[in-house]
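Participant: In case you want the letters, here they are:
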Amino acid sequence: MDTSFHEVSAERRTQDVAYSHLSVELDHLYMEDFLLGKDHLRKRIKQIAPWYRTAITAFTERHSDGNRSAPRISTCFLVDDYFSDLIPPSELIPQLQEAADAEKLRIDYLARESACAVSDGVELARLVAGRLVSIPVPGTNGSRPPTAESGWLSNGQRTPGEPAAALRPRPWQPPVEAEAKTHSIFLDVELWDERDGKRRWSCPMLAAVWQLLRLGLLRDHGRTVIQPRPLPAELPGEWAAMPPVVQLNPRATSFHGYRTLSLLDDRFLPIEHAVRVILNQVAQDGEVMERVEQRARKEGVPVPADVISRIAYVFMTDF
Amino acid sequence: MRTQSVPGYPPAARRQPGSPDLGVAIGEIRTGLLRHSAALPKSAVAELIDLVPGEPVRQSERPIAHALSADVANGVDCQICTSAGGRIRAVGTVLTHAAVVGGRVLQTSTYTRIDSAGAQRRLPWSHYTAQPGFIETIAKAGPRDLAAGYINHGQQADCLDLGAISERLARRTQNSPLLDGRQPLRIQWTRLRWTALYGSALGSPPEPAAQFVLEDDTVRSLALWIPQPPDAEDDALRLEPILELCRDLALHDWVLTTVTRRLERVDPGFADRDQAVAELRPLIDHLLHLWMPGARVADGLAPIWEAFERRPGFTRQWEAAVGRVRDQLALHTLQLLATLSVRDASHRDAGG
Numbered sequence: 000m001d002t003s004f005h006e007v008s009a010e011r012r013t014q015d016v017a018y019s020h021l022s023v024e025l026d027h028l029y030m031e032d033f034l035l036g037k038d039h040l041r042k043r044i045k046q047i048a049p050w051y052r053t054a055i056t057a058f059t060e061r062h063s064d065g066n067r068s069a070p071r072i073s074t075c076f077l078v079d080d081y082f083s084d085l086i087p088p089s090e091l092i093p094q095l096q097e098a099a100d101a102e103k104l105r106i107d108y109l110a111r112e113s114a115c116a117v118s119d120g121v122e123l124a125r126l127v128a129g130r131l132v133s134i135p136v137p138g139t140n141g142s143r144p145p146t147a148e149s150g151w152l153s154n155g156q157r158t159p160g161e162p163a164a165a166l167r168p169r170p171w172q173p174p175v176e177a178e179a180k181t182h183s184i185f186l187d188v189e190l191w192d193e194r195d196g197k198r199r200w201s202c203p204m205l206a207a208v209w210q211l212l213r214l215g216l217l218r219d220h221g222r223t224v225i226q227p228r229p230l231p232a233e234l235p236g237e238w239a240a241m242p243p244v245v246q247l248n249p250r251a252t253s254f255h256g257y258r259t260l261s262l263l264d265d266r267f268l269p270i271e272h273a274v275r276v277i278l279n280q281v282a283q284d285g286e287v288m289e290r291v292e293q294r295a296r297k298e299g300v301p302v303p304a305d306v307i308s309r310i311a312y313v314f315m316t317d318f
Numbered sequence: 000m001r002t003q004s005v006p007g008y009p010p011a012a013r014r015q016p017g018s019p020d021l022g023v024a025i026g027e028i029r030t031g032l033l034r035h036s037a038a039l040p041k042s043a044v045a046e047l048i049d050l051v052p053g054e055p056v057r058q059s060e061r062p063i064a065h066a067l068s069a070d071v072a073n074g075v076d077c078q079i080c081t082s083a084g085g086r087i088r089a090v091g092t093v094l095t096h097a098a099v100v101g102g103r104v105l106q107t108s109t110y111t112r113i114d115s116a117g118a119q120r121r122l123p124w125s126h127y128t129a130q131p132g133f134i135e136t137i138a139k140a141g142p143r144d145l146a147a148g149y150i151n152h153g154q155q156a157d158c159l160d161l162g163a164i165s166e167r168l169a170r171r172t173q174n175s176p177l178l179d180g181r182q183p184l185r186i187q188w189t190r191l192r193w194t195a196l197y198g199s200a201l202g203s204p205p206e207p208a209a210q211f212v213l214e215d216d217t218v219r220s221l222a223l224w225i226p227q228p229p230d231a232e233d234d235a236l237r238l239e240p241i242l243e244l245c246r247d248l249a250l251h252d253w254v255l256t257t258v259t260r261r262l263e264r265v266d267p268g269f270a271d272r273d274q275a276v277a278e279l280r281p282l283i284d285h286l287l288h289l290w291m292p293g294a295r296v297a298d299g300l301a302p303i304w305e306a307f308e309r310r311p312g313f314t315r316q317w318e319a320a321v322g323r324v325r326d327q328l329a330l331h332t333l334q335l336l337a338t339l340s341v342r343d344a345s346h347r348d349a350g351g
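Protein chains in written order, with numbering that gives the first Met the number 0: chain G, 0 to 318; chain F, 0 to 351.
Since the hints were derived computationally from the structure, they do not count as laboratory data.
Computed from a predicted structure; not experimentally measured.
Treat the hints with care, since some could be wrong.
To give an idea of the chain G side of the interface with chain F (calculated C-beta under 10 Å), a few residues [said to hold, decoys possible]:
no.: 1; residue: S3
no.: 2; residue: F4
no.: 3; residue: A128
no.: 4; residue: V224
no.: 5; residue: Q283
Heads up, the beta-carbon is just placed ideally off N, CA and C, and yes, glycines get one too.
Working from the sequences, and respecting the hints, build out all of it.
Facilitator: See below:
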């Protein structure tokens with residue numbers, strides 16, 4: 000006799016998502032930047048356009064073997080509505096689209112930064128924070144709990160604390176970067192602060208979530224956390240009323256990419272350094288990682304085994 | 000202890016490119032009673048061991064209530080032992096989870112696989128976080144050598160300490176406000192250190208094999224050999240059945256140890272039978288129903304349980320122990336009845 004017995008609550012299913020070969024982020028602007036007017040916005044888009052074309056050419060050359068069709072590339076833009084929401088979607092989105100059209104740049108997806116904190120009721124930032132595994136310095140054998148400062152994450156070992164009432168102060172000991180080549184570049188990143196009992200995530204933390212979202216590596220109870228939706232026929236007056244990610248171009252390839260490229264102003268250099276310190280220490284979902292790897296390999300575009308190596312940047316200076 | 004051969008087993012093992020065909024995993028499990036006066040309901044159990052946001056606590060009802068948390072990763076960079084007593088450096092992440100059985104028993108288990116191909120240097124941390132649950136040796140080493148080193152040398156200072164991580168999770172869980180702190184039985188925790196060699200290698204026995212050792216009152220060790228075909232279709236690592244087997248053995252060893260210790264205290268010749276019953280009653284209320292050897296163990300690994308059932312015969316000893324608990328109760332009942340009938344008779348005599 001052949002019988003079978005299952006309990007759904009005892010299983011965990013992992014949902015797959017589709018991937019483009021590359022997800023390109025076209026600049027990032029603070030809300031205040033939009034206040035500088037249409038001309039400023041146009042100038043910014045104009046500045047990134049040649050870098051975008053160069054990057055796409057380089058990527059296509061690198062990842063084509065002559066016969067294969069052009070790589071699937073989707074573009075996205077992240078609106079900073081988390082720290083301020085000065086300009087409503089009904090004003091900002093047409094402005095942005097107009098500027099992009101003028102420079103023949105196509106924005107496929109538009110995402111809200113606050114969705115990196117909470118998207119459709121799922122606290123994405125908390126999900127990522129819950130997977131952080133501190134980088135160990137040599138000698139870490141598990142016998143002591145990892146030294147965690149609530150809300151902070153460093154890339155090594157902090158300067159040891161001094162007891163408040165120390166009679167003979169110890170000489171200063173430097174912090175240590177765990178992966179220092181010869182000398183340390185120690186970085187301590189604030190992940191969040193609390194205001195009136197409410198947690199406010201930091202910009203690097205949200206940007207780390209943003210990278211993981213684009214790489215299609217986040218799941219909530221095995222389910223995908225981002226489903227791009229079409230642009231509402233009537234644009235709302237509040238960002239909170241917008242879907243987390245909207246698809247502006249109906250013919251766009253998938254929002255998620257095997258790799259990401261971000262074209263950013265150089266003022267974001269320290270932010271992205273912090274983002275990499277965070278991403279370096281996120282324990283990935285082993286099953287999701289394996290599926291992405293298999294899928295990419297089958298398509299003939301193998302992805303690097305680690306997440307940091309899937310992320311590329313162009314930092315632009317007004318020169 | 001050898002076991003008979005098992006058709007259909009084993010599940011596939013994922014192997015890192017360049018690493019030998021033989022995988023090795025090590026772990027340490029703590030088993031004890033939850034600090035709570037009654038069996039914890041399903042929803043409270045789910046909350047108690049909700050360790051990773053966005054990851055489910057996996058719960059099942061048959062044949063016994065069982066809950067398993069998601070894994071939490073910890074980073075390590077330290078020495079591990081080789082069988083000759085030498086040490087080599089290993090870097091990576093180890094995983095820890097908690098299980099609650101029957102709403103009563105808490106198990107915290109820390110484990111890792113060892114890739115001993117020898118990376119020659121510590122790699123960027125994102126390499127290790129990409130595949131949690133692996134540590135990689137800096138110098139090349141033999142899987143058998145590392146398995147033997149872990150199990151034979153116990154906990155060495157400065158070496159990888161999986162037990163401490165399990166211990167911390169156990170303490171943290173026991174301090175949860177979800178528990179009322181009133182434990183019906185004061186009993187010791189047990190520690191199981193285990194190692195598993197799995198895969199295929201020339202000269203390895205074709206059947207699974209296991210060795211279970213009672214090291215002292217509370218420490219046990221288990222060494223497993225699990226043959227797996229070299230060209231497994233499913234590339235994904237399926238360590239889960241091995242972890243399940245280890246937890247199941249740890250659980251039953253703990254229940255058996257607890258019941259036999261308690262019996263030793265009341266038997267033989269416990270003058271005050273009321274007190275004897277008072278000692279044994281919590282066993283009946285809280286532990287006896289937990290005995291379900293191998294119930295959750297994968298078919299392919301069941302022969303290991305079966306072999307342990309032949310020798311030393313866990314269930315044989317268990318049934319003997321349960322028999323003695325019931326005998327004590329029966330004697331107590333008889334004594335009560337006798338007292339009653341004497342009282343009854345004297346009452347009748349007085350009244351008649």
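Participant: Quick one: which hint numbers does this structure break? Sort them smallest to largest.
Facilitator: 1
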